[in-house]
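**Student:** Next come the chains, spelled out residue by residue.
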Amino acid sequence: MIAILVDGIVQGLQLSLMAVGITLIFGLGGVLNLAHGQIAVVGGIAAALFIGEGLNPWAACALGVLTAGVVGLIVDRTLLIPAYRSTGEERLLLGLLITLGLSFVVNGYLDFKYPDVALTLSLPTPSFSVGGVVIRTASAAAALVAIVAFALLFAFLKGTLLGKVIRSIIQNEVGAGLCGINSGKIRTLIVVLSAMMAGLGAIAQGLFSSVGTEMGNELTSFALIVAVVGGVRSINGTLVAGVLLGIVNAFASYHVGAYLTLLILLATAAFTILLRPHGLFAHRT
Amino acid sequence: MKRGRHRADWVALVVVAAALGLVPLAVGDSAYFMRIATLMLIYMAYAVAFNVIFGHTRQLFLCLGALAGASGYVSVVLTVKFGLTAWLSMPLGIACAALLGGVFSYVSVRRGLGVIFVGIVTLVFSMIFHNLVLGMRGLTNGETGIETKGAGPGILASSPASYYVVLAVLVLALLVYHLLLRSRAGKAFQAIADDELAAELAGIDVTFYKVLAATAGSALLGVVGTIYAYYSGFISPTVYSLVSVDIAVLVTLLLGGMGSLLGPVLGGVVFTVLDEIVRPLGRLNVMVYGVLMILLVVTFRHGLVAMLRKLLGVRIP
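Sequences listed follow chains A and B, in order.
Under our numbering, the first residue of the first sequence is numbered 1, with each subsequent residue one higher.
Under our numbering, the first residue of the second sequence is numbered 1, with each subsequent residue one higher.
If you're looking for bench data, these hints aren't it; they were derived computationally from the structure.
For every residue, glycine included, the Cβ atom is placed at its ideal position computed from N, Cα and C.
Heads up, some of the hints might be wrong.
As the list claims (entries may be wrong) - What follows is a set of in silico ranges between Cβ atoms, one per label pair, in the way DEER data are often shown: (1) Gly163/A - Arg315/B: 53 to 61 angstroms; (2) Leu274/A - Val273/B: 36 to 44 angstroms; (3) Leu84/B - Thr137/A: 51 to 59 angstroms.
Said to hold, decoys possible - Rough simulated footprint, nothing fancy, chain B against chain A, three-plus residues with beta-carbon under 8 angstroms: (4) 100–113; (5) 123–133; (6) 233–243; (7) 249–255; (8) 258–266.
Pulled out of the complex, with its shape left as it was, chain A reads as follows (with noise of 0.2 angstroms):
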């Protein structure tokens, strides 16, 4: 019971992550990125390679998570241009389309490229037990590294001037331009920082599975469920929602099978959007 819980839970923080880089991006951005799995899968695969390299696994993950944060910044200085550049629901639309058309092409390349390609990681010990539940390393492993990132990133967005710009800007992004922020260059570092953040995610993937060249679409989509659950402009509630649904995956899971696991999560997601457009913990950014 408390093993599956704490699955649950180190599940859920790793999907949060993933799904805090949509909201990052679409707050800021206004753009959806659809293809923030692929980013992510890009950073896995990459991390791999490195180690296929013979490097040390930890400069390996380090490199991974830096290329999933390179492709962020060549897919913000380049392709989504065109969609900055619009406002309104053409930015959403245009922004949509070219993610959607991002991803393909590296589902396609990566699928092509590197199909046998998998970043598995495996740590010394295999598991540890504390008042005797056993947890795996692996996932304790997992759940430290989304911690730190969350920790780090709460206290860059609360604790430091850039990070106030960022909540402003998130917040009313006009506005924000009326003090004179170029919300250009904050947004390029937030599409970077997020494309790191998924890099992260899929490196923590690695540890307790493994991240394969036909991931993306699959972490892609967890991610978007997570983030409009939580609300696509919130990031304290992507964070509560990404736990929450990694809880019910868990139990729902161990209780009804993983497809039925996945409908739950998917109407979910579309109840939300149907009931509560701004999700579920929206009041709060």
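Following the hints, put chain B in place on chain A, whose structure we already have.
**Tutor:** This is chain B only, laid out in the frame that chain A set:
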């Protein structure tokens, strides 16, 4: 002026029907080319449906494959597993698709969902559909798919006949599209596409016209989906997946030009040619679709029809 435009539409319709009708005479003896030609018509018809839904009323349905598939699967399962005749199961499947599309549209208009949320809801529906098909193995055989040979109307199984059936559906769809746009609905669509709020304020029943567009488009998707199911002799979730339907249709329509009569047709021709060119690339063709989609969205948003209009200075419907 008005008469002239309508005459151009009729001429275009006749030319399209005649030109496409002559295709079997040119390639009729090659089963391979006939299949490609038929698939081209099928995608054109899908694109006409999407044109009505998205091109005119700005409802981003990312569940085209799922709607076509819902119709196809309902009909095939009823016929193959429950022994219902295809003549009865096909309308049921089509009604199912139309109903689903109408409900999505109604709910999203009522809830005031923006284009992006309609996209997400329908995308989520696509995923639900695929998981249902994969999960209900007893009915759908999951990934393996269902053999439909001999189950459907015989006319869909023989070579040039099936082509003409699909062509008839396409021409009929274009005809209905033309008549729809000529009527009050056409003006309403235009107003909605320009500015929804203004349309509402001008007394246009936005809900009604959006639901109308979505229902009509989804019904057409359903028709094509069932025809495809019996024509190809086999259906599986892949046939109706996001990549094989939605993306292809999106690219087709963007290529041809949204909101025009001939856009889906021109786009279909170009897309089929492109598809044949990239086929040898195998797995890479997904990537080519992606690149194409980005390029089209960014640089070629108005499509071939608009380009030809500009280049030739001719009125093209």
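**Student:** Next step is simple, just say for each hint if it's right about the structure.
**Tutor:** Evaluated hints:
1. Gly163/A - Arg315/B: 53 to 61 angstroms: Given range 53 to 61 angstroms: holds, Cβ gap about 56 angstroms.
2. Leu274/A - Val273/B: 36 to 44 angstroms: Cβ of Leu274/A to Cβ of Val273/B: about 41 angstroms, so the range 36 to 44 angstroms holds.
3. Leu84/B - Thr137/A: 51 to 59 angstroms: Since Leu84/B and Thr137/A have Cβ atoms about 56 angstroms apart, the given range 51 to 59 angstroms holds.
4. 100–113: holds (count 12)
5. 123–133: violated (count 0)
6. 233–243: violated (count 0)
7. 249–255: violated (count 0)
8. 258–266: holds (count 5)
Checked against the numbered hints above, the structure breaks hints 5, 6 and 7 and satisfies the rest.
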